[in-house]
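Asker: The chain contents come next:
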Amino acid sequence: MVLQVNGQRVSLSLEPRTSLLDALREYAGLTGTKKGCDRGSCGACTVHIDGRRVVSCLTLAARAQGKAVTTIEGLASGDDLHPMQAAFLHHDAYQCGYCTPGQIMSAVALVQEGHAGSDAEIRENMSGNICRCGAYANIVGAIRDAAGRA
Amino acid sequence: MEGFTLAQPRSLDDALAAGPQAGAKYIAGGTDLMQLAKDNVETPHHLIDIEGLLPDTISTATDGSLQLGALARMVEVATHADVRSSWPALSEALLLSASPQIRNMGTVGGNLLQRTRCGYFRDVGFSCNKRSPGSGCPAIPGESRGLGVLGVSDHCIATHPSDMPVALMAMDASLQLVSPGGGTRLVPFAEFYRLPGSTPEIETNLLPGELIVAVVVPRSASARRSRYVKVRDRASFEFAVVSAAVALEVTDGTVRNVRIAMGGVAPRPWRLSQVEAALQGRPATPESFQEAASLAGEGAVTTKDNAFKVKLMERAILRGLQLASA
Ligand SMILES: Cc1cc2nc3c(=O)[nH]c(=O)nc-3n(C[C@H](O)[C@H](O)[C@H](O)COP(=O)(O)OP(=O)(O)OC[C@H]3O[C@@H](n4cnc5c(N)ncnc54)[C@H](O)[C@@H]3O)c2cc1C
Ligand code: FES
Ligand code: FES
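Protein chains in written order, with the working numbering: chain Y, 1 to 150; chain W, 1 to 326.
It is possible that part of the hints are untrue.
[To be verified] Now the stretches of chain W that chain Y is said to cover, found in silico as 3 or more residues with beta-carbon under 8 angstroms: (1) 1-7; (2) 31-38; (3) 46-58; (4) 173-183.
[What the hints assert, rightly or not] DSSO-like, lysine-lysine: derived pairs with alpha carbons at most 30 angstroms apart: (5) Y/K67 x W/K38; (6) Y/K67 x Y/K35; (7) Y/K67 x W/K304.
[To be verified] Some chain W residues well away from chain Y (every beta-carbon gap over 10 angstroms; in silico): (8) S153; (9) S236; (10) S288.
These aren't lab readings, by the way, just hints derived from the structure by calculation.
No residue lacks a Cβ here, since even glycine has one placed at the ideal position from N, Cα and C.
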């Protein structure tokens with residue numbers, strides 16, 4: 001099967017049951033996307049498909065063919081971090097960092113969806129991303145900042 | 001997860017021809033089916049991808065009714081301007097469902113067919129009459145806090161977990177179906193789901209291979225003033241312990257029309273006709289709301305863990321009536 005990941009064509013030979021998450025991590029060598037629950041409940045595996053945030057653990061890789069997949073590796077341009085990545089760094093919006101790629105992918109989509117109007121709106125629209133370290137306060141701060149309302 | 005083949009048919013006819021074969025399953029957003037397959041609760045051998053084969057549009061017909069394509073994503077329905085203004089409980093129910101990521105993936109058809117969240121059903125380490133008929137129900141004597149109190153049987157007390165169908169139940173919706181022979185039929189929403197009785201494994205009146213094409217929701221004054229109340233164990237991203245959809249039409253201070261449906265309490269979205277009857281033609285006052293809501297638990301069969309749901313139902317209805325009449 002052929003996937004379109006971060007603007008690159010990736011050709012893989014995989015079983016139909018392979019999730020997009022496993023395809024990215026185990027076969028395409030893109031380990032930035034994380035596996036937490038593998039059941040849609042934690043958001044660690046969040047990527048964008050055709051610009052929309054989805055959980056890659058519940059997406060079959062074969063069904064992502066012909067669509068544009070963006071992962072955390074595809075956000076920066078060269079050494080220039082995406083403003084959301086920079087805001088997470090600036091606000092120390094993590095502790096162990098395991099949930100961070102999913103948080104950032106979700107946060108980038110949230111701003112594009114127009115859901116950064118208030119802290120309450122940010123919180124509700126980040127509810128699909130769980131942080132076991134409880135870095136929520138700084139995550140909200142980073143998103144508020146990146147959305148340009150700091 | 002066991003292996004399966006994945007077919008991506010070019011036409012609806014090809015998909016329908018493959019649908020009835022043994023071990024075949026349609027896949028739409030995949031958010032429930034993938035979970036079930038990963039846990040071996042369902043073990044499909046052939047997945048049939050229906051993406052692109054059914055309508056994904058949201059439109060209004062000439063008679064004013066709302067038409068939701070089976071493949072419309074949850075997020076599209078939730079944020080649609082007409083849905084928000086004329087069927088607000090539908091929008092609210094969907095916005096309170098799952099997470100933004102899941103709402104971007106899940107579809108109307110798939111949401112109607114989401115399977116129960118009963119922990120025993122979802123764990124193949126336990127017996128379960130719904131998963132393996134005749135094996136027994138450990139939920140009834142076991143952990144039943146989240147399970148049903150209405151329409152349940154000695155064989156199964158699982159609840160239907162989806163929010164959107166609760167709103168649809170309060171709006172007299174119907175479902176447009178297409179079967180493998182190509183025949184279509186319109187089924188009133190109230191006749192779509194089956195009660196468990198002694199066959200909890202049969203959940204709907206869908207025929208083998210039959211597909212949901214669209215949901216039709218009539219326009220009405222009560223739907224226009226509808227609200228959805230969801231009570232859950234955490235602030236967001238959680239299934240309902242109890243939920244209520246209330247559609248209410250009040251003229252000159254009198255209840256002209258009212259529809260109440262509840263989620264989290266029964267094997268299907270549950271209409272509270274005795275509460276509706278107690279409100280019909282009565283003044284829209286806190287007293288008559290309270291009086292009617294107190295009938296919510298009529299006929300309830302509870303366990304020691306879930307008896308609290310009766311009081312919670314009453315309160316959710318009351319809140320719904322307050323919001324809808326505000
Ligand atoms: C972590 C998590 C939290 C969730 N929380 C909530 C919640 O709070 N509230 C809520 O309501 N839901 C919740 N959900 C469930 C989610 O809304 C459903 O999984 C989703 O709506 C299913 O839609 P789908 O298109 O992905 O279905 P799929 O998984 O593709 O399909 C589900 C079933 O429907 C069948 N099917 C699909 N489309 C059709 C059709 N057109 N005709 C006939 N059969 C069809 C499939 O064969 C399958 O059996 C949650 C899910 C997850 C993973
Ligand atoms: S790993 Fe996908 S949501 Fe948890
Ligand atoms: S930073 Fe550790 S899980 Fe979020």
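Asker: Please write out, lowest number first, the hints stated earlier that are contradicted by the structure.
Answerer: 4, 7 and 9
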